[in-house]
Amino acid sequence: MSEAYVTDDSLVTADSSGYDRALDGTIALGIVGFVLGLVTLIDLVSLSSSGAALAETLATLLVVVAGGVGTVALSSWANVTPVDSQRIRGVTAGVLLALLGLTLAAYAVPVTLATLLGGLLLVEAMVIATAGVVSNIGLVDTEPNATAGLLAGFAFGAFGLLLGAVLGGTVLGSGGFLWAIVALIAGIGLFALAIVPREDLGSTLPAAVVVGALGATIATATIGVGWQWNPDAISGGFTGGAVIPVFLLFGTLIAAWSAAKCRAGFGARGRQYGAFLVINLNAVLMVSIMAAIVVFVTIKGVGYSVRGSTIGALAGLVLLSPLVVLAVRTARTPAGSEEWRGGARQLFRLLPLAVVGSVTALLVSVLVTGEKLEYGYTYTVLENRESVVLDTSVAITPETTVGSLVLVLPTLLLFVYFFRQYGSLRDVGTELDRVEAVRRRLPLAIAAIAVLTGALAILGASPAGLPLGPVAGVVVVGAGSVAAVGLAALPLAGLLAGDEALPERAVDRARLFTLSVFGGLSLLAAVLVLQGPATVAPAVFGRGIVPLAALLGALVSATTATILVTATRAADETITRRLLGEELSLALAATAGYLALLGSHVALTKQNFSLGVSVANAGSLSVPMAMQPYIPLGAEPGGIFPAIVGTVWLVIGATTFAVPLGVGAAVFLTEYAEQGRLTEVVEVATNALWSTPSIVFGLFGATFLIPRIGGDESLLAGMLVLGFMLLPLVLITSREAIKAVPDEYRDASAALGVSQWETIRSVVLPASMPGVITGVILGVGRIAGETAPLILVLGSTLNSTSAVEVLNGFRFTTAPPFIANEALLSASASLPTQVWAVIAAGVSGSPSMGWATAFILLAVVLTFYAVGITARTYFRKKLNYE
Amino acid sequence: MSNAINDDEQDEQTAAGGVEIATDSVTTSGESEEEVREEWIDYRFDGEAKLSVSDLDVWYGDDHALKSVSMDIPENSVTALIGPSGCGKSTFLRCLNRMNDRIKAARIDGSVELEGTEIYDANANLVELRKRVGMVFQSPNPFPKSIRDNISYGPRKHGDIEKGLLARLFGRDDTEAEDELVEQSLKQAAIWDEVSDRLDDNALGLSGGQQQRLCIARCLAVDPEVILMDEPASALDPIATSKIEDLVETLSEEYTVVIVTHNMQQAARISDQTAVFLTGGELVEFDDTDKIFENPESQRVEDYITGKFG
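Chains as they are written, first to last, in the working numbering: chain A, 52 to 933; chain B, 2 to 311.
Everything hinted at is true.
With a straight-line cut-off of 20 Å between C-alpha atoms, the simulated DMTMM-like cross-links for lysine to aspartate or glutamate are:
1. B:105 x A:798
2. B:146 x A:795
3. A:928 x B:201
4. B:146 x A:798
5. B:146 x B:163
A few chain B residues facing chain A, derived, Cβ under 7 Å:
6. 128
7. 131
8. 132
9. 136
10. 142
11. 144
12. 145
13. 155
14. 158
15. 223
Hints in this document: simulated from the structure, not taken from any laboratory. Just so you know, even glycine gets a beta-carbon here, dropped at the ideal spot from N, CA and C.
Same shape as in the complex, but just chain B:
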């Protein structure tokens, strides 16, 4: 038991050292880009790619969890990742903000670029990366602190908000800025009306759906560009789920959202494009959501979507 817990708690530094950076596959010039793209799933979209993944492989020990995945994720849209359990979609998601570094047994090979910058670069700034690529987890995980402290936790740790006795002594007090940030984030996450009169209560006193929206607000408070969501509604009831879904649609106006889900109706409802992973860690098809659900290229995807397989 103790080992299982501690496996996840290794030092960031040692883990980073354990990651093998496959510099050979990093796209550096125009011609090699063409070469790589030929193997990619053929999906074209207008505008810039926010995240560009090429030849990403992940091993957990001897288990090849993700096999040479390449895809471009467009900006300001919702990208859904669907597939049966154990197909590697969560693993893929966790590669996008290097949360897999925290798993000691994980070995990652390949390239992920955030607006053209390699995030698996040896000199990559993890703090900066995770500020730009936020994450919402499967089960709501607010800190055992007040609602206000939960929201302002990130900005305070990054030095964007300073308050308290010492800060005041040095002439800086961001109490009002904090209040504004808290209000803005909670409003963005559509939970302000429900909690505005109890910001100093413990966040664990909220209902599950409220906690999840609070976690989204906490993620928004550090002003990310990309939001990764790992089955954010799987632990919630239908009403809370529909609230989260509405929220995701609103967020996609300003943020790039990548969402893992088990629920195909949900993917069809909220996403702009859908990637289908199937057993063995392969990305089988990636296209506009309508196309995937109405007229998929691959027979396996059609079987999965119509429920014949999975």
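Okay, chain A solo, but in the shape it has when bound:
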């Protein structure tokens, strides 16, 4: 968006007047009102809430926003994501103040949210009217045009007609024609008011009138929460609950536009800023409407599906850590130009960081206060055909326990991420003789441990009665752990010793970093693996040596990272900063790696570890709906774990069947086959196959496949049928993607004497990967939610009490077919059939459970999407220069 006329600095400068500040506040108030309008529109907060309850809700919102703003401010201060735009700073502060004001008002005045929001509109109307008048009598320096323009005139005329009709109809009754006269007067009046006076009055006074009228209607409860209008002409009607948010959205939009015009001094700049604000708020509105379907299913299903969920605050923080990194990365995305850097786009880049920061603040506050954060609510189930309302809650507990898997997965992800960020520190820093000696011997030591591990695994822990495993194990594991901690501490010692400035010292000791991270991590990993075959887990003070070492390593590396951040701030040379950045990536990778080892130790040995915080195998995260199977006669309704597992296996099975086949066929058809009748027929056939109704696939599966495999409804049949459905789409999109690869690549490869198959494999396929993945993403979206064929071939197993065990189901036999899997040949539950049966067919369970299942299905599909889109982005980045 061009902002050629509106530079950031000129809008908010150090010498901004009170007039400017007031208008910034008005814009911020408008934004807050707009967001509250959206919030009330989807019923997140009731319009009729008032007093302390309302104040608390608003205060929560304030805390969340403040946390976000605070995090961004902090990261701006630390130069991670510098925010230069004065406009963002000004309006953000305004948003905080506006929220604070609303919260205080809710405490002080016992009125409903609707009234409060009406008041908000009235205040807005007053400020913009005053601003217009102040500008018109020349108290401030502005550059208004002669008129606000015909467009504004017609727009306000239309608003006037509408408002006049509604208000006239409400007050005077809809009989007769009086209301029509009122409407006409209002329309013409506003039209004249907009175009006759100078621009500063023409674009503020009509806006003030419209906004004021809307505000007064809401504030005086002329249209209140309980208001209802049922016109005779249509069945159904309008309620206050729907009309008030719409009024609010509309009013704040106009008010913000008008205030923005005032703020930029009218004229060309004013139009620019006004349009900018309206377009942005409109974009928010569009996105909200598009998200409405998702939100609707979520609202219907989320209550039931997260009932009784708990998460330990520490576990929450651990799960959040990859998101923090991702958000920082988004915020740091290099800006294309100066114009790009400033302005609202920067805000959108910072938003994720702000959100993550808010959640982090919330989790930390739970940990610090030690008080459980609980949100209690009710949900409805059907018992004996009667609705029963049950109490439940979701909670963040102040537990300091982290599940081992909850620890391993994010830390492993972070380790890989930071390791990939790390380039190389080869030939940096001083070579130290003793360090070099260690570097040379370390691979030998690790290899020796590996050999010992292998030998013990083959011979058993005590070959020929000799307690080789236990004795050697304890010694090696102990020594290895101590050595690993020593290695981890090396760079820290290097940073602390010496008398040059910190950045120089850090760069000088770079060799310690590489040795420490790679040596320490691999040594500890080696002894961790050795523990199994050696059947030992040596401990001191009742705690395992290995996890102790891992924890120490993580702490030391984290300390090193912190010191490095300080050093980076102190460094002024680019090359030094770059090297320090490398070291920082390495130190962070080490922290994540040691934590992953700690988690793996707990997961492998099944021994919980506790030192201040604890790492355990269970208990830090619980979502009964997603993690439990159905409990037939229990007090609790149980969950749909088997259906989730079924759907995940179906998708995995269908894609492993269809993707290689589809891509292979596409390669043959585009690269090898002669273009002619055959390829045309295949093309038509694939298109036809893609538009074949899914129930037809189901019938084919039920009558053709099932009699030939297993004879009964089965998971395998489901996978195959879904695979057949996926095949044409993968084929079509892959063909298009392969065709789109420029012929220059093929020529270049051929001219180097490379065979056609090698060319396809190493140039054509990688270049067409993003397109192929797009096809798979679309196809998976379709098949994951496919219901009709599954009813026929998978068996609509409902409320399953056990999940299919595909991985454990493989059995190897000495006779053909050598490999068998009972689980693949048995019926399974799946999410779409579960939703269909519960909601549409009413087979069993409560409708609310069906909605919850639908919500989880949505979440599963979105997860597959996310994986696919990540893969596509990865390949695109590899192919394109960025």
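Following the hints, position chain B against chain A.
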């Protein structure tokens, strides 16, 4: 559209089968050589012929694109092919490493010998031929890979460089050999100084002129004897063009370069001998560059060079 693309993508094998090998015109003995030579453009040079073309005809469908062209291309020199658009010079160039095989509609008749070996022989090894006769195209076409991978692509596919986990497991790791090859090729193509600090960046991030020199380096990495260049500077600005021209002159010390160009000044500047093709796919004159530009035999060539025709 789809047909147009796919026409170029037929199987090498089927295409090779479609090429008619005119064995009768292959020069096998001394006496028939004399016979053929009488019809040739009379051009004598010292030393060996690297490539020897005799009676080469090419048809695209019914279009007779190249009419009975015969010429000897000397070793370690720059041979320029000039002529108006559509005169068949690019077609001729593409016959020299059998890139025309990739065009299904093309029918080739005649003989091309590389150091005395017939390249249109039914048993000719295409991989070996294209390793010995490299090609640089009109528009720069680096692969969407890193600069390093672009250079090492050819040698890796030919098994001259093995690296990665599997290679290491079997005790072979040519990472250092690869580094050396990459450095040497990029230095030969006079681009090393510009890219040495970003070998792992995507090659598509280079400028057009750099991309073209990268393509030359990629071609050099498989250690060819002949380099065919199809208007390598036509898509580049004057500065990049002069860099490519300097490079061509340097390369001619070690390689036999055949270059197609539209730009007569360029041909005059860089080539040792020039062949002039005129409309209809005829080779009209082939001689030392100085002779062609100063005192051509044929009136048509003189008209073309002085701008009266073309």
